[in-house]
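Student: Here's the letter readout for the chains.
Protein chains: 2
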Amino acid sequence: MELTRELANKVVESKWADIPSSVRNEARRSFFNWLGCTIGGTRHEASETALALACAFTGPRQATAIGTSHRLDIFHAAWVNGISSHVFDFDDTHLRTVIHPSPPIAPAILALGEYRPVSGADFIHAFALGIEVACRIGNAVCPAHYNIGWHSTSTAGVFGAAVAVGKLLGLDQQQMAYALGLAGTQASGLRENLNTMGKFLHPGHAARDGMTAAFLAQRNFTASERILEAPRGFANVLSQERNLDEILDGWGSRFEVLVNTYKPYPCGVVLHPIIDACLHFAREEGIAAADVESVRLQVNFLVQEVTGKRHPQVGVDGKFSVSHCVAVSFIDRRVEEDQFTDGRVLDPQVVALSDKVVVAVDPGIAADEVRMELVLRDGRRLTRHVEHALGSLKQPLTDAQLEEKFRRLCADILKPQQIDRLVEYCTTIVELPDVERIARTAAVS
Amino acid sequence: MELTRELANKVVESKWADIPSSVRNEARRSFFNWLGCTIGGTRHEASETALALACAFTGPRQATAIGTSHRLDIFHAAWVNGISSHVFDFDDTHLRTVIHPSPPIAPAILALGEYRPVSGADFIHAFALGIEVACRIGNAVCPAHYNIGWHSTSTAGVFGAAVAVGKLLGLDQQQMAYALGLAGTQASGLRENLNTMGKFLHPGHAARDGMTAAFLAQRNFTASERILEAPRGFANVLSQERNLDEILDGWGSRFEVLVNTYKPYPCGVVLHPIIDACLHFAREEGIAAADVESVRLQVNFLVQEVTGKRHPQVGVDGKFSVSHCVAVSFIDRRVEEDQFTDGRVLDPQVVALSDKVVVAVDPGIAADEVRMELVLRDGRRLTRHVEHALGSLKQPLTDAQLEEKFRRLCADILKPQQIDRLVEYCTTIVELPDVERIARTAAVS
Numbered sequence: 001m002e003l004t005r006e007l008a009n010k011v012v013e014s015k016w017a018d019i020p021s022s023v024r025n026e027a028r029r030s031f032f033n034w035l036g037c038t039i040g041g042t043r044h045e046a047s048e049t050a051l052a053l054a055c056a057f058t059g060p061r062q063a064t065a066i067g068t069s070h071r072l073d074i075f076h077a078a079w080v081n082g083i084s085s086h087v088f089d090f091d092d093t094h095l096r097t098v099i100h101p102s103p104p105i106a107p108a109i110l111a112l113g114e115y116r117p118v119s120g121a122d123f124i125h126a127f128a129l130g131i132e133v134a135c136r137i138g139n140a141v142c143p144a145h146y147n148i149g150w151h152s153t154s155t156a157g158v159f160g161a162a163v164a165v166g167k168l169l170g171l172d173q174q175q176m177a178y179a180l181g182l183a184g185t186q187a188s189g190l191r192e193n194l195n196t197m198g199k200f201l202h203p204g205h206a207a208r209d210g211m212t213a214a215f216l217a218q219r220n221f222t223a224s225e226r227i228l229e230a231p232r233g234f235a236n237v238l239s240q241e242r243n244l245d246e247i248l249d250g251w252g253s254r255f256e257v258l259v260n261t262y263k264p265y266p267c268g269v270v271l272h273p274i275i276d277a278c279l280h281f282a283r284e285e286g287i288a289a290a291d292v293e294s295v296r297l298q299v300n301f302l303v304q305e306v307t308g309k310r311h312p313q314v315g316v317d318g319k320f321s322v323s324h325c326v327a328v329s330f331i332d333r334r335v336e337e338d339q340f341t342d343g344r345v346l347d348p349q350v351v352a353l354s355d356k357v358v359v360a361v362d363p364g365i366a367a368d369e370v371r372m373e374l375v376l377r378d379g380r381r382l383t384r385h386v387e388h389a390l391g392s393l394k395q396p397l398t399d400a401q402l403e404e405k406f407r408r409l410c411a412d413i414l415k416p417q418q419i420d421r422l423v424e425y426c427t428t429i430v431e432l433p434d435v436e437r438i439a440r441t442a443a444v445s
Numbered sequence: 001m002e003l004t005r006e007l008a009n010k011v012v013e014s015k016w017a018d019i020p021s022s023v024r025n026e027a028r029r030s031f032f033n034w035l036g037c038t039i040g041g042t043r044h045e046a047s048e049t050a051l052a053l054a055c056a057f058t059g060p061r062q063a064t065a066i067g068t069s070h071r072l073d074i075f076h077a078a079w080v081n082g083i084s085s086h087v088f089d090f091d092d093t094h095l096r097t098v099i100h101p102s103p104p105i106a107p108a109i110l111a112l113g114e115y116r117p118v119s120g121a122d123f124i125h126a127f128a129l130g131i132e133v134a135c136r137i138g139n140a141v142c143p144a145h146y147n148i149g150w151h152s153t154s155t156a157g158v159f160g161a162a163v164a165v166g167k168l169l170g171l172d173q174q175q176m177a178y179a180l181g182l183a184g185t186q187a188s189g190l191r192e193n194l195n196t197m198g199k200f201l202h203p204g205h206a207a208r209d210g211m212t213a214a215f216l217a218q219r220n221f222t223a224s225e226r227i228l229e230a231p232r233g234f235a236n237v238l239s240q241e242r243n244l245d246e247i248l249d250g251w252g253s254r255f256e257v258l259v260n261t262y263k264p265y266p267c268g269v270v271l272h273p274i275i276d277a278c279l280h281f282a283r284e285e286g287i288a289a290a291d292v293e294s295v296r297l298q299v300n301f302l303v304q305e306v307t308g309k310r311h312p313q314v315g316v317d318g319k320f321s322v323s324h325c326v327a328v329s330f331i332d333r334r335v336e337e338d339q340f341t342d343g344r345v346l347d348p349q350v351v352a353l354s355d356k357v358v359v360a361v362d363p364g365i366a367a368d369e370v371r372m373e374l375v376l377r378d379g380r381r382l383t384r385h386v387e388h389a390l391g392s393l394k395q396p397l398t399d400a401q402l403e404e405k406f407r408r409l410c411a412d413i414l415k416p417q418q419i420d421r422l423v424e425y426c427t428t429i430v431e432l433p434d435v436e437r438i439a440r441t442a443a444v445s
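Going down the list, the sequences are from chains Z and X.
Quick note on numbering: this note's numbering labels position 325 of the first sequence as 325, and the sequence is numbered without any gaps.
Quick note on numbering: this note's numbering labels position 432 of the second sequence as 432, and the sequence is numbered without any gaps.
It is worth saying that the hints were derived from the structure and are not from the lab.
Check the hints yourself; a few may be wrong.
Copies of one chain are not kept apart here, so a pair can be met inside one copy or by any two copies together.
As a list, the in silico DMTMM-like pairs of lysine to aspartate or glutamate whose alpha-carbon atoms are at most 25 Å apart [said to hold, decoys possible]: (1) Lys-309 to Glu-2; (2) Lys-415 to Glu-241; (3) Lys-309 to Glu-229; (4) Lys-356 to Asp-245; (5) Lys-394 to Glu-284; (6) Lys-415 to Glu-6.
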């Protein structure tokens, strides 16, 4: 059987009992992390702009623009919530492909859960399948696909959204193959936009288009049934290298959500071990910014390539500036959204400390690792080796840390009792009779 | 100045007086052709399916789903009308790039013309600019871009829709650059879907997304200002070969709409010279299907490559079957939508005559040319050389032929007085105070 057909069949045939409890739990954690990022992300100019446009043209008020007081039709809700979830660069990361799996998928099925009854178990089942499909398609074409310039979060994510929505709509095998064909023909998103709001559009776009693909397929709107493997299909056209075996090998025994990760800091993931080291010195050893003579880092090459910008001029660029992150770690002793404002990246004290950061690439250093030497004004030299950053696969955020992150992101937006209830819902989601209550509770009244 | 910025500036600075009358007239003809195709195309399963989905989720009833009794918000109207305009493979063709220029652009600005006042002159101005931008971007990346598998109609068309809508919204230079950046990051559409309804989705998708790009840009939603030329921009990522000079060379003196063409028959354009020759024999020389012993064709290689399918099983495949088109030309003595039903491609008489067609590729034959030898049962041999097919650049449809095509497409859908009025509006469009009246008149009451 052909690949796309076989993948469609696997999704259609998948049963809740086929999903191991570890997978269910990790999908639950992914959703919890996504929900907090999305609620927090509503207070960003890009989210507000997208919401205003959606409100002007929305259809029936079927679903919640979460973290706001607005209701939208399910397609606009998926679009807006997809955008909000990505604005802080705080969402989940499938490290192998650099895909952020939840932002294109969760908004689509959460909106659907306000349109028709979806139990918590069905939701987590569809969500896990969506992540599985998106990340496996990503595995098949990355890194070549990403390297040439595709933002794999949306190009692979649109397939994930389509199958997750399609699973909840109860598509048959033929329709599921169409849904994949219609998803692939809408795959888009260029990394050229990564330092702009254009980037945030990508998961919203993928969530809405994946949903469109599934709804059209449900109505037997036809499409290629070979979108993944055909000579003019997704893998050949959007990547110069590919390994299509990745898409089905070990299906049902190996699960990609188990290698999903969650960030403790809202900035480039390769900076996380460095921030860990800096916060250790600042908080645990009481080193003040004024004590620092220089900060010498031995880093993975990605730190230099992705975050080498020395003097960012706008807040968002601080998220991909190693020197800025070091500086605010010492000065503010925390790395949250407030550390990436325009004012913070231009602050003279921050800029001065940034200039004391020296970065050396070391081929022996992994992406979640750093060796740091701190030279103090009094001549002391302190060293620290972070082997695995907080939030990495080897040092994942605990449930308590995820909850703390969630509460921090929601604190200024929802009432305490709403936050408590959402924590409870996200903890017990697989037992909930419906997920509508989650979206409703995440609305600003 | 960088390319994308300069293109944005050209569009913003363009004045109606800069558009020569020949260009205005050809843009008018393109729109007239598009309008007929779209009205006729509403009676297709794909259009009906898309419309049903749009009706279920539409926002404010701002714009007409033309050829129907439904009103939709402007984004859904652009989407549905974009799909309807493409379902018959009867729309316009920019032969160099194989882009169908109008379907992604006209639906977006016609919908906009029902949302805010747009004069006929402003409409044709924006439309000509949209076609110019889409086809020039196509010229820059085709044929490599098309050959690898991109459906250039939508991938280039989304830029055309964005600038046309952006022009009518009065975007400034910065915003127009953002609109291009947001359009490019939504560019999609795979040729793998060409024999499915997925193909028809492409121009609707491009129309809606180009409009989204312009509306977001108007609200200063930021994007890369180098989407065309950047290493990870559109031209590099979506094509293995490119010539970016095509985008601005001769701007304002050379116009791509002047090389736009319109089809007399709703099928693959490379079949048109062959149909011309067959209809000549059938109609002018009175040759009956029963007289035909064999039909020998010397053709351009594209005929074999694109339309070589011998025994299509579904109607739509007949549009890309040379043998089917020869057979129905003799049997039905016309080539309209009725010749491409499932029943027609499976008709035993059609199949029998199809088997008498012999195709030989001749490297000396152009794409709009054919040499035909007709062998009759009585032993006679008739030959015909069509140098330039009807509808080709050298033998364009006359205004009268365009009108006949328009009237035929609308005949079963609109009332005679509606059709008369639309013909009048499309003839005098540059003098109309608004284009809203066109859309309103194209509604089924």
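Student: Does each hint fit the structure? Answer for all of them.
Tutor: Against the structure, the hints come out as follows:
1. Lys-309 to Glu-2: between (46 Å within a copy, 22 Å between copies)
2. Lys-415 to Glu-241: For Lys-415 and Glu-241, the Cα distance exceeds 25 Å both inside one copy (49 Å) and across copies (55 Å).
3. Lys-309 to Glu-229: Close across copies (22 Å), not inside one copy (39 Å); limit 25 Å.
4. Lys-356 to Asp-245: Result: close neither inside a copy nor across copies, 47 Å intra and 44 Å inter.
5. Lys-394 to Glu-284: Cα proximity of Lys-394 and Glu-284: one copy only (22 Å, versus 81 Å across).
6. Lys-415 to Glu-6: neither (46 Å within a copy, 49 Å between copies)
Hint compliance for this structure: hints 2, 4, 6 are broken, all remaining hints hold.
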